[in-house]
Amino acid sequence: MSMIKKLLDLDQRIIYLFLFLLLAFPILHPVILPMAVQDYSRQAFEFADSIPEGSIVLIEGGIAAATYPQCGPGMVANIYHMLTKGVKIVCFSIGAEQQVWTQKAIDTALKKLPPGVPAENGVNWVNLGYIPGGESAVAAFANDIRSVVSKDYFGTPIDEIPLMKDVNDATAFAAVFWWGGSEGSIPYGIRQFYGPFGIPISGSCTTNEVPNYSPYISAGQLKGLFGGVRGSAEYEYLLRLPGPALGQAMATNFGGLYWLTLVILGNIFYFLQRRGES
Amino acid sequence: MSVIVAGRALGLVVLVIIVSAILWFMMRAYSGKLPKLRRLPAVDIIDEIIGRCVEMGRPAWYLMDNVRMDTPSVLAPTVAAFQILAYVARSAARLGAKFFVPVTQGVAYTIANDIVEEAYRAEGKPEDFDPFGTVMYLPEGADRMYILNNMWSQQIAGAFLLGSWYHKAIIYTENAARVGAVMLGGTDTTHNIPFLVAVCDYSIIGEELYALGAYLSQDPTQSASLAGQDIGKFIAIIMMVLGAILATLGIDISSIFSI
Amino acid sequence: MMDQMLLGLIVGSAVSIGAYSVLIGDNPISKITENLYMGILGGYILATNWDFINKNAFTRIQGGQYIYVLAIILSLMLFTRLKREWIWVSRYPVALTVGVGLGLAMRATVITDFLGQIKATILPLNSINNLIMLIGTVTTTAYFLFTREYKGTYKYINQTGRLFLLVAFGVAYGQTVSFRYELVIGRLVDMLRPEVAMYTYAFIFIVAIVLAIGYLTKKITWYS
Amino acid sequence: MSERLIKLKIPIYLTTILGILMIIEFYFPMPEPITNINVTLRSFVTIVSAAGLILGIIILTIAHLRKISKKESGWYYSIIYLVGLVITSALGLTSVRNTTFLWIYNNMTAPIGVALYSLTAFYITSAAYRVFRARNWNAAVLLVCAFIVFMMLIPVGAVIFPPVVPIGEWLRSYPSSAGFRGMIIGVSLGIIGLGVRVYTGRQKEHMGIREERMEAS
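Protein chains in written order, with my numbering: chain X, 1 to 278; chain V, 1001 to 1259; chain B, 2001 to 2224; chain E, 3001 to 3217.
Next up, chain X with everything else stripped away, as it sits in the complex (with noise of 0.2 Å):
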């Protein structure tokens, strides 16, 4: 009887250290264990597989330090695929810190990309940096970029640019990728680029956001949405592009299962330990 006080009683430390080996475990030496693709992120990866080579994408970066190591592997694998297809990438972001991620992405990806995919920085891609003022500068934005963008990330006029020499406002993306990170951003994008000009958008999300945008799938206002770092290791995982996110994916599972152990066993013993009083 006391044995089972002593295991509901237990020293929460120890829970603590059994948590940091089994995330760090999976990190350290990948496991991998099945996965089932999320009917969100097989919709999104199919709506990205089937922009037709040749057009230009546009996409949001809204990853900062706390999001990217989620969100971050899937706009790789984004970037990586549009590039490997052939369509061109135009990014921009709402926020000055991720900014800098975006570019980290674009790079990543870059060097990821198999010999003979063309990737030159103003033709087949361009960061077109921070632009400040939030959802009315994404109006802003979608009616003449030419308004709000004078020089891309690396301080290049945007009219020297061979890319966006026909580019000038929404009309001319094919689709827009909204990577909103935590930033809540992505009905921007559904207002100024889908609302008015019909592109269609898909995008990406910290896990617990996802909830607040099934509305927009259902309603096919989105077209799809890779949900936190399960939503990045699903792009992996589709793509045949093994990433990091991958192996945080289950790690994920690593903690998860843990959880629902805990839970199970908490109950057992709090039973156990009733039905001995009783």
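Just to be clear, a hint being listed does not mean it is correct.
To be verified - No more than 27 Å apart at the CA atoms, straight line, and that leaves these computed lysine-lysine pairs for DSS-like: (1) B:K2219 with V:K1036; (2) X:K104 with X:K165; (3) B:K2219 with E:K3067.
As the list claims (entries may be wrong) - If we take Cβ atoms under 7 Å as the criterion, some of the chain E residues that face chain X in the derived model are: (4) A3110; (5) V3114; (6) F3122; (7) A3128; (8) Y3129; (9) R3133; (10) A3134; (11) I3154; (12) V3156; (13) F3161; (14) P3163; (15) I3167.
The hints are simulated quantities; they were obtained by calculation from the structure and are not laboratory data.
Even glycine gets a Cβ: it sits at the ideal position worked out from N, Cα and C.
With the hints as your guide, set chains V, B and E onto chain X.
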């Protein structure tokens, strides 16, 4: 140019009806006619928690998490939490509990400090109020470590977690529970209310946070305003039921929302 | 350049271990991290907000928008609280903040929250799911009624409403839990990068030794 | 009497006037000068908030200095605070683009922030063991729903027990949204009620004013 901004007419009508209903009940209360109100259990719990802290000789804390006064959606629950703070602080001053209020934003700090100082003065114990220690400003983010460390070293016996709660809800509640504190928790944010409900000994949900302050104030006009809010709920229920019935019959009324 | 990045990762790993040490309970390592963090965050807040005021008030005043002198005066009024007899002066900036903020909250909530949720609930009752949606929303709305006593029919409505609320809380709980693990993993990924891992282990080792000595010699209190 | 007016009544009137101005602007088309005033007022709020944070840091620093001068327990930790504050603010006040300042932010402030945020995972796990028990039917409902949804969300969950996905999705889209909808409607009414109480000058605790019973204001 139309008289009312397009798409907002129904909103205006509803707002006017609800506000008038609230004002009407407040006016009636002013002339002595009070509506019957169900008693919120949380009302009695506050003194109980403070009393327990006094008995054990351990401190009671009042935590509010997010108090960004320049964000409207945070400001409203914060103002509601301030009203409850006024009551809790007086209760703590009267019973002689060691009281502590950390605040993470400057304007909110100013307000909280005034409220608590006033409460101590009202109870005739201004000497118990420490201008640098009772209410304390902590930079948003850094408060987490300060609060965790001090929760353990001071072994708090009671905690009030009211206001606009985000991820800190689980951090503080779990630690406070581990040190043996009794907690009253309540918030209007949908993502973090589950933690307060699951971990706290007593919880208030959503609108009850706004109502609790009105209950606690000794002012009948304020508690009467809650009856006005109920009118709003009836309007909502009628609109939903009627709308659903009409929709079932094939009459689409969704266009009235965009007048 | 590369060295700075590596140094950054190493320092980041060290301070993270300091932060995680709070899991053990109040101890000197977590106290040091706490005060260090408060200091550097305080400095950051001081600098960025000063920059913000500079950009948004002083620059505008120089540009001829003299109305912003008022913002500076209101800001200075906050500082009167440093002198006790002048505290009431700070009520003016508070009145500005609360007045404007509550107005903004009130005007938006009617349309987005109140009417928005009602509109979403008006569904044709042609399926069980829509019926559940209507019953759930109506009963939870009724759950918050203050003028009904907890008896009679209302008792059942109240209980149904509570059931729906609990389901909602459970779902939100499960949803949030999974996101939280990703946060730790994100931090661990940086701390366990091949080039940083050795340092991380060394820091953990040092912290463990220091704390073990402290706890064994009873110099640090062990909270159980 | 005039003292009462300046110290008490005018702030309350000011709150009311500003609030009503904001509400009217939203519903009625306004000539440009008035919308401009409102935009200016909102930027005043952000400026005052920024000043409030600076005030907070000053007060916090005074508190730490006092701790050091009085040699209160743990006063030596306050020295760490002061050193951190002086270094970062000195760097940041010269320029917020200063590279060392940004380095400190990216490599010290941000990682501690993320680490502290991620503490939630640990506390959620220990709470799972300690409080997540089916003590009564209320707790059981919460527990079961959280369990199913969580299992649906971890990648391996659907492989262990496939039905969790449809069940979890259903819970998430219907009963759970219904529950939150009722709560949101209530909160929205709570905000309106709060606004009315504040604007009529009945609720004035946030001004640091003690309530006066049944007295016309």
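Hint-by-hint comparison with the structure:
1. Taken as a hint, the K2219 of chain B and K1036 of chain V pair is broken in the structure, with Cα atoms around 59 Å apart against an allowance of 27 Å.
2. Restraint check for K104 of chain X and K165 of chain X: satisfied, since their Cα atoms lie roughly 25 Å apart, inside the 27 Å limit.
3. At most 27 Å may separate the alpha-carbon atoms for a hinted pair to count; K2219 of chain B and K3067 of chain E meet this at roughly 22 Å.
4. This hint holds: A3110 of chain E has a C-beta 5 Å from the nearest C-beta of chain X, less than the 7 Å allowed.
5. The closest approach between the C-beta of V3114 of chain E and any C-beta of chain X is roughly 5 Å, which is under the 7 Å cut-off, so the hint is satisfied.
6. Satisfaction of the interface hint for F3122 of chain E is found here, the shortest Cβ-Cβ separation to chain X being roughly 5 Å, below the 7 Å cut-off.
7. At its closest, the beta carbon of A3128 of chain E sits 5 Å from a beta carbon of chain X; the interface hint therefore holds under the 7 Å criterion.
8. Interface hint status for Y3129 of chain E: upheld, as the beta-carbon distance to the closest one in chain X is roughly 4 Å, under 7 Å.
9. With a least beta-carbon distance of about 4 Å to chain X, the hint placing R3133 of chain E at the interface is held under the 7 Å criterion.
10. At its closest, the beta carbon of A3134 of chain E sits 6 Å from a beta carbon of chain X; the interface hint therefore holds under the 7 Å criterion.
11. For I3154 of chain E, the interface hint holds, the least distance from its beta-carbon to any beta-carbon of chain X being 3 Å, beneath 7 Å.
12. Because the beta carbon of V3156 of chain E sits about 5 Å from the nearest beta carbon in chain X, less than 7 Å, this interface hint is met.
13. Proximity of F3161 of chain E to chain X is violated relative to the hint, the smallest CB-CB distance being about 11 Å (cut-off 7 Å).
14. Using the Cβ-Cβ criterion of 7 Å, the hint placing P3163 of chain E at the interface with chain X is not satisfied: the shortest such distance is roughly 12 Å.
15. Taking 7 Å as the C-beta cut-off, the interface hint given for I3167 of chain E is violated, the closest approach to chain X being about 14 Å.
Going through the hint list in order, the structure does not satisfy hints 1, 13, 14 and 15.
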